[in-house]
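> For the record, the sequence lines run as chains Z and S.
The numbers in the working numbering rise by one with no breaks, and the one at position 73 of the first sequence is 73.
Offset between the second sequence (1-based) and the working numbering: plus 111.
Treat each hint with caution, since some may be false.
FRET-style restraints, in silico, Cβ to Cβ [what the hints assert, rightly or not]:
1. S:GLY127 <-> Z:SER83: 23 to 29 Å
2. Z:SER69 <-> S:ALA113: 33 to 39 Å
3. Z:SER65 <-> S:VAL161: 41 to 47 Å
4. Z:SER67 <-> S:PHE118: 43 to 49 Å
5. Z:ILE17 <-> S:LYS162: 16 to 22 Å
6. Z:THR44 <-> S:SER208: 17 to 23 Å
7. Z:LEU54 <-> S:ALA113: 45 to 51 Å
8. Z:SER65 <-> S:GLY127: 45 to 51 Å
9. Z:PRO111 <-> S:SER208: 40 to 46 Å
10. Z:THR11 <-> S:ARG221: 25 to 31 Å
Don't read these hints as lab results, they were simulated from the structure.
Just so we're clear, the structure is a prediction, and the values are computed from it rather than from any experiment.
Beta carbons: idealized from backbone N, C-alpha and C, even for Gly.
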Amino acid sequence: GQSLEQPSEVTAVEGAIVQINCTYQTSGFYGLSWYQQHDGGAPTFLSYNALDGLEETGRFSSFLSRSDSYGYLLLQELQMKDSASYFCANIMDTGRRALTFGSGTRLQVQP
Amino acid sequence: EAGVTQFPSHSVIEKGQTVTLRCDPISGHDNLYWYRRVMGKEIKFLLHFVKESKQDESGMPNNRFLAERTGGTYSTLKVQPAELEDSGVYFCASSQSHILYGYTFGSGTRLTVV
């Protein structure tokens, strides 16, 4: 089976840096993705890590450590519009392309 | 390019009725997926089409759910008869062949069964 665990809520102030952690237990693992979802909107793809290390895309970075079964999403220079839910998701293998999602972390950015 | 389109955006039906959800993927995306989020829990996989073929339907909860993708274009998900526990948000997503590009999700259909 698979499970991905994330904190349920995180609060931070505008301009700050926040890290959202994701630990996983899977019977197979191919890579870790991150998605952002604003209330009532579509989950939006942010990043994908297939290999260990840091991937940077603008203000957002994602990190993966396969040996620790752990990853995180780092958001820098937080803006009010970053208030949303963030999901980590795993692809078990390329034979099955279904995503398994964590339960999501609700980020609240305060002024 | 146009995104993934789903309709209706909301549907309220009575227990025992039938509802059909529709998804139009991004043009050229052979892969189409259905997911569901129930009661604020995690988003769960339902099934995966490659063109018109069902590649993986391991997430379909029971035989009250029927998905089709005629001609490998749009897809429908029918729930018949609907039960209270079917309430939730149903998402459709499509993707190119390489997973590095991620999946593009639609905004979902919020289904409420009363």
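> Taking the hints in turn, state whether each one holds.
Now the hints, each set against the structure:
| no. | hint | verdict |
| --- | --- | --- |
| 1 | S:GLY127 <-> Z:SER83: 23 to 29 Å | violated, 39 Å |
| 2 | Z:SER69 <-> S:ALA113: 33 to 39 Å | holds, 38 Å |
| 3 | Z:SER65 <-> S:VAL161: 41 to 47 Å | violated, 32 Å |
| 4 | Z:SER67 <-> S:PHE118: 43 to 49 Å | holds, 45 Å |
| 5 | Z:ILE17 <-> S:LYS162: 16 to 22 Å | violated, 43 Å |
| 6 | Z:THR44 <-> S:SER208: 17 to 23 Å | holds, 20 Å |
| 7 | Z:LEU54 <-> S:ALA113: 45 to 51 Å | violated, 33 Å |
| 8 | Z:SER65 <-> S:GLY127: 45 to 51 Å | holds, 49 Å |
| 9 | Z:PRO111 <-> S:SER208: 40 to 46 Å | holds, 43 Å |
| 10 | Z:THR11 <-> S:ARG221: 25 to 31 Å | holds, 27 Å |
Checked against the numbered hints given earlier, the structure breaks hints 1, 3, 5 and 7 and satisfies all the rest.
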